[in-house]
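Protein chains in written order, with the numbering used here: chain A, -5 to 279; chain B, -5 to 279; chain C, -5 to 279; chain D, -5 to 279; chain E, -5 to 279; chain F, -5 to 279.
Treat the hints as calculated values from the structure; they're not laboratory data.
Any given hint could turn out to be false.
You can't tell identical chains apart in this list, so a pair holds if it fits in one copy or across any two.
Result set (DSS-like, lysine-lysine): computed pairs, CA atoms no more than 25 angstroms apart in a straight line [as the list claims (entries may be wrong)]:
hint	residue 1	residue 2
1	Lys156	Lys177
2	Lys15	Lys197
3	Lys187	Lys177
4	Lys197	Lys177
5	Lys42	Lys8
6	Lys15	Lys94
7	Lys77	Lys149
8	Lys94	Lys8
9	Lys94	Lys62
Protein chains: 6
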Amino acid sequence: MNLPIMEQTFISAKASFAEAKAVILGCPYDGSATFRPGARFGPSAIRKTSWGIETYSPYQESDLTQIKIHDMGDLELPLGEKKTSLSLIQEGARRILSAKKFPIFLGGDHLITLPIIEEIHRVYPDVHVLHIDAHTDLREEYLGETLNHSTVMKKVLDLLSKGRLSQVGIRSGAQEEFALAEKIGSILFSDPKSLRRMVNRLKNRPVYISLDLDVMDPGLLPGVGTPEPGGFTFQEILSLFKGLQPLRVIGFDLVELTPDYDPSQISSVTASVILREMILAFCSR
Amino acid sequence: MNLPIMEQTFISAKASFAEAKAVILGCPYDGSATFRPGARFGPSAIRKTSWGIETYSPYQESDLTQIKIHDMGDLELPLGEKKTSLSLIQEGARRILSAKKFPIFLGGDHLITLPIIEEIHRVYPDVHVLHIDAHTDLREEYLGETLNHSTVMKKVLDLLSKGRLSQVGIRSGAQEEFALAEKIGSILFSDPKSLRRMVNRLKNRPVYISLDLDVMDPGLLPGVGTPEPGGFTFQEILSLFKGLQPLRVIGFDLVELTPDYDPSQISSVTASVILREMILAFCSR
Amino acid sequence: MNLPIMEQTFISAKASFAEAKAVILGCPYDGSATFRPGARFGPSAIRKTSWGIETYSPYQESDLTQIKIHDMGDLELPLGEKKTSLSLIQEGARRILSAKKFPIFLGGDHLITLPIIEEIHRVYPDVHVLHIDAHTDLREEYLGETLNHSTVMKKVLDLLSKGRLSQVGIRSGAQEEFALAEKIGSILFSDPKSLRRMVNRLKNRPVYISLDLDVMDPGLLPGVGTPEPGGFTFQEILSLFKGLQPLRVIGFDLVELTPDYDPSQISSVTASVILREMILAFCSR
Amino acid sequence: MNLPIMEQTFISAKASFAEAKAVILGCPYDGSATFRPGARFGPSAIRKTSWGIETYSPYQESDLTQIKIHDMGDLELPLGEKKTSLSLIQEGARRILSAKKFPIFLGGDHLITLPIIEEIHRVYPDVHVLHIDAHTDLREEYLGETLNHSTVMKKVLDLLSKGRLSQVGIRSGAQEEFALAEKIGSILFSDPKSLRRMVNRLKNRPVYISLDLDVMDPGLLPGVGTPEPGGFTFQEILSLFKGLQPLRVIGFDLVELTPDYDPSQISSVTASVILREMILAFCSR
Amino acid sequence: MNLPIMEQTFISAKASFAEAKAVILGCPYDGSATFRPGARFGPSAIRKTSWGIETYSPYQESDLTQIKIHDMGDLELPLGEKKTSLSLIQEGARRILSAKKFPIFLGGDHLITLPIIEEIHRVYPDVHVLHIDAHTDLREEYLGETLNHSTVMKKVLDLLSKGRLSQVGIRSGAQEEFALAEKIGSILFSDPKSLRRMVNRLKNRPVYISLDLDVMDPGLLPGVGTPEPGGFTFQEILSLFKGLQPLRVIGFDLVELTPDYDPSQISSVTASVILREMILAFCSR
Amino acid sequence: MNLPIMEQTFISAKASFAEAKAVILGCPYDGSATFRPGARFGPSAIRKTSWGIETYSPYQESDLTQIKIHDMGDLELPLGEKKTSLSLIQEGARRILSAKKFPIFLGGDHLITLPIIEEIHRVYPDVHVLHIDAHTDLREEYLGETLNHSTVMKKVLDLLSKGRLSQVGIRSGAQEEFALAEKIGSILFSDPKSLRRMVNRLKNRPVYISLDLDVMDPGLLPGVGTPEPGGFTFQEILSLFKGLQPLRVIGFDLVELTPDYDPSQISSVTASVILREMILAFCSR
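Using the sequences and the hints given, assemble the complete structure.
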């Protein structure tokens, strides 16, 4: 008699590190959340609820089981030590990249994206960052803090220079942030035409996608650190992914899920399906 | 002085069994839920919150008070005994059908639909089933279990044969389930044209509707056993009902409400309004 | 070293009463709620969560910091004494109006609007009321109660007479209420054309807006006393405000937020953004 | 085949009004709650969760099934009309008393006890009231409101005069309230000796018990309008009931359950068991 | 640089199956819950929250790190198939017992104990069962269902015969259950003297402990299927364990944690500490 | 007509800074929480719920209104910048101390106590710290982090030296922490005799009290960062305060309230009453 044991990884992520094409790493740092903390519990909530969804996507007519995925679990981080936490995340990214795997990071708050992109940038010096978010995250500082989930894209911009950052879904920010975004032309509409133009421009360039789950409407995904009304529906996010599929995506992250603010758990379930769709859209090339 | 006492039935369901045209029966079996249990509390949650809505539908310009409805309450079921529970539900269906009433069943998980359709099928051998759901429910088995909320439509199909099952709203299932659905052509788009074609085909045939509340978007109706992003809005469900109104509907069920996963109670309120709209759309012919 | 202290007002409402152009007053009366009470906690929840949003609106490209706003805090009301509570609210309105400030009221249940409009009507005898709500609120009485959150617009109508009340977003009410609404032609569609027609008709007339937050879809704003499926999305509410901008609005209220029914807090956050948008759209003329 | 249907009354309360010895009436008025409203949902929550407990008490070695109980359900009250609501409650009490039944009232906030005692007092002019509560409820007024859940025992005192009110469990009140309580000697310790003394004094006098559930520790029963730390454990409440058993109790109420503030539902379950114990202790003489 | 990854087992359970002395197996069957389902999520909730507690017990002055423990994870069970689920649990027990490990089972509802004890009984024919619970669980049947979480100890009794079952903490059951318990003398007080007597009687006999977490007071541990007021405090459970320490315990289970009914998560944390204390008290001989 | 406005301070804290004897400062830093974050919302939750309790303590027969208290509100802190946040808290302490006020700090996580005691120590070089907590907080480091809510008392010890730290309520910690506590003899039982001995020893010495709310039983106060079963009841905390009253307390803090983990809000209410009792016990000398 066979003794079936439930997996504790993300659904269908059964491959070993060695045999995997894509590798998932949980980065549960939430020390720079300015409103509601708790994104440290995001990656484990995605893993747990992923067993309530299917591996098959009827939207893309493909199945997660067709891709070899390894789930490394969550980094154990000293959450009050920002620098150390970011270094450990960077080291995690290094391990995955040096093994030539497709990296997938689960946040944590949005600041985790900074050390990841620093590492991505060393491997792909011409990387372009596609930032999908409700918030510009282009502040210089927040209450004097320069490394923060609300300044992270300003830091990315400083690293990559103008023209290397595109932003979709933005609907919140300070006046100065929108002024900067306009100046560098980063903000992108999500209509097919705008997307096609960007896709054409970036064709053959390595693209890293950073998706803050608060880009979704808070009605659909209430469990985030900084909810903002008026976001994407699930259908709009699917259309966006479809439009982006021609890109040469070399990695992505999914951040800011704060599951304890959503007792209905639909935020975690929806994040799981978004993760499935992103893996199928971007890892299988 | 008159002493007003609050009713404990579904709103406006004051008729006796004898005088009623339509009869509501709660079937709180949730023993085959594969993800989150608790649909046993669905029918009582609908009854309770129904007193916060109106009996009048501005969409259909008609009023529940114009239809004589009896609410039998909930069956008392031995939830760990699947066969016995299903038999009791079937017996409940028999009582309503043999009295020539329009039957309305409140789940419970989706497996309750199987004994109901078995009974419906005896009375209406040419019945067509319209399955409104996020999930195909066409599995052969789930972890070796063949009678399950995820296999129920496969069993219905086996009973009724090909061409007698139509499915609307489907957006989740295993690859084999979609393959089967495609083979038998069951999946239907919810655009007016597709609906009209089906309505034309089924005109004068008895139709039974089984509506799994997870067909709605989980943002609107989070309290279900297996939430799946990307569902119908309330307007879309109204349009669907409008499109289906020419059908000769001979009964329906509403399943999978899991109220304790939604502390905001909007799931139960929305289910109450959906029940009102279905009664007005399908019982008043 | 400067010692920064967090404000406890609505975001950016730092002006003194004397210097302010607009004045916010919390009216936490919820004694006439017929379904779920708790709107007494609405104004404080808006204040608290407003610190998680931005002062800048990318939709209107303007910033709250450009308007001098004073937040008076919440009235302390004897909630079981309806008449006294309503008198205190009326007195609050009188203070603001007699100082020639733009008044903004936060409910509380919808009955608070009655004493406010009585006061507004004394100052602006030709005031037109724009009622944005899911419910008609046109009952004569509810269980014998004539002053109630479900009769409030009937009372307003009695005060102002026919043609002086317009209603947008209505999707729930008793049959008689819809009959009355039709008779007086109050119900308005929210399409640009209908709005433009009303705006043209009311140009130069003083308009008071009363917005019941249950006009929004309960998926987006579950924390209300009487949730009703099928409401406005946030984009629709923005379009509505845009369409109304030519009006000469002389005050408004935001009522029925019931925050303890929404542990995700998205209701309060969304109400905060709606309040920001209304201030920017209607106070800055 | 028998078709078992779940009851919607309090557990085991199957008797008709005519045959019943004891009669339960839900009085869901909560219009005078000063902190958290929602006691309107108390009686229905007790009914629903009572089906998760047993009819048998191992503490008293007796069973609810041995007493004929009728459950009238809940009064339908115009909650914003305090006077009317109280009149309807008084009328409800009158019906039960005039039929010579043992009356049991479920609140609702504590103000419901006033019209009940007015009615009790007409039938039993020498009634003594035993008030079990965390709060003195002896205020003259609260924010100018004289009929309120915090003034109710002052009104009872005015009706019955000094020496006819005893209070147990009190641990919260204004300084003047404690001064008054001391002056009239109402406050009673719950040790066996104090209880015995009171029981001796009241032997053969009709006693009405009014139990505010916040007398329990909020750790055990968090779902109340005004939680106050440091209350009775369940064992202490059992001891209290045991000590009171020799009294000639002629009716009682159980008030202030506010179930929506307790998602764990233990408040309603505990209230159900307390109700069972009170029925067994006081109705079976 | 070392890359620290968080464990997903119960805290400190890092040993391999081969090297372990004690083995934990999650048995997430909850198909026989009669009131609130959801114990299927119990084992994973214990694992997750165990990382918020310490491995060291100041009560026993010993540390989990001193015992080699393996955590097998959770069985994957077809929850609607009672017989199959119970067989798989029995097979799991067989694996652990045949490898001569100390078995620890995490429920799931209490019915999981039956197949476990059947297996234990094959290995230890003279086993004595110590049942720690709020409920007798001695029913013959529940709504016609004979295999159920409320009949499990009757089945155990049938298997082991009179004198081989002791019950502590019991405070709820039907009258017949208490009658049976009295007849067979199973119910035990938890005072030191009673315990000492039992311990003396059972010295050298193999003892299996089955602990239903609802034996704790629901104020401390609200997240259970069938909460019952008046249970053990944590100190009382510690005293009980201390009194039982001389026994030769050969395995135990911990059942009925229903974490989704407790958003505060204290139920899972407390269950984790109880599990730590049981391992330290009973596995280290 | 007077227009009553609700206060937003802690109850009865109406004095200006200048006239106040005691000053409350909220320090909402929670960046070093190792398990559940959210203590940033602690001070505002205490303020809000304090309006549901009384100013009068029947335990001490005294009233908050007899003490002039000023509530400064909450510091606005860059939560991801530990050093800066701690500096701002220290600066806040300096302001209060240099004005010779009795300081009261509301956390925030326990690390806030470190900068406060550094400042206290400058003013009172012979200060003794009384640490009331479930956890030793005596770690050298946690995952490499040396400034953390779990190391804070080790840092205090390093500052003050042996014999200057007493700890009450401790029931959780690593083995090394208990070893250290034993070596320095810091842990104190809460029985009257032990307390009297300590009080005698410290008579006339300035004493600072740091109270971590998780010292209370999590059944009573579930909303804390790191719940630990088996804590103080409210009566035990009152007895403790009574025993400590002869001490010359020169300030105190109340930390680790994490209100969003407790939808019943009893944690915040209980914290409010504890704060009232501490003010009455320790500020009025």
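These are the hints, each one checked on the structure:
| no. | hint | verdict |
| --- | --- | --- |
| 1 | Lys156 with Lys177 | within (9 angstroms within a copy, 52 angstroms between copies) |
| 2 | Lys15 with Lys197 | within (22 angstroms within a copy, 52 angstroms between copies) |
| 3 | Lys187 with Lys177 | within (21 angstroms within a copy, 36 angstroms between copies) |
| 4 | Lys197 with Lys177 | within (23 angstroms within a copy, 38 angstroms between copies) |
| 5 | Lys42 with Lys8 | both (15 angstroms within a copy, 21 angstroms between copies) |
| 6 | Lys15 with Lys94 | within (8 angstroms within a copy, 40 angstroms between copies) |
| 7 | Lys77 with Lys149 | both (15 angstroms within a copy, 21 angstroms between copies) |
| 8 | Lys94 with Lys8 | within (18 angstroms within a copy, 30 angstroms between copies) |
| 9 | Lys94 with Lys62 | within (14 angstroms within a copy, 37 angstroms between copies) |
Violated hints are absent here; each numbered hint is respected by the structure.
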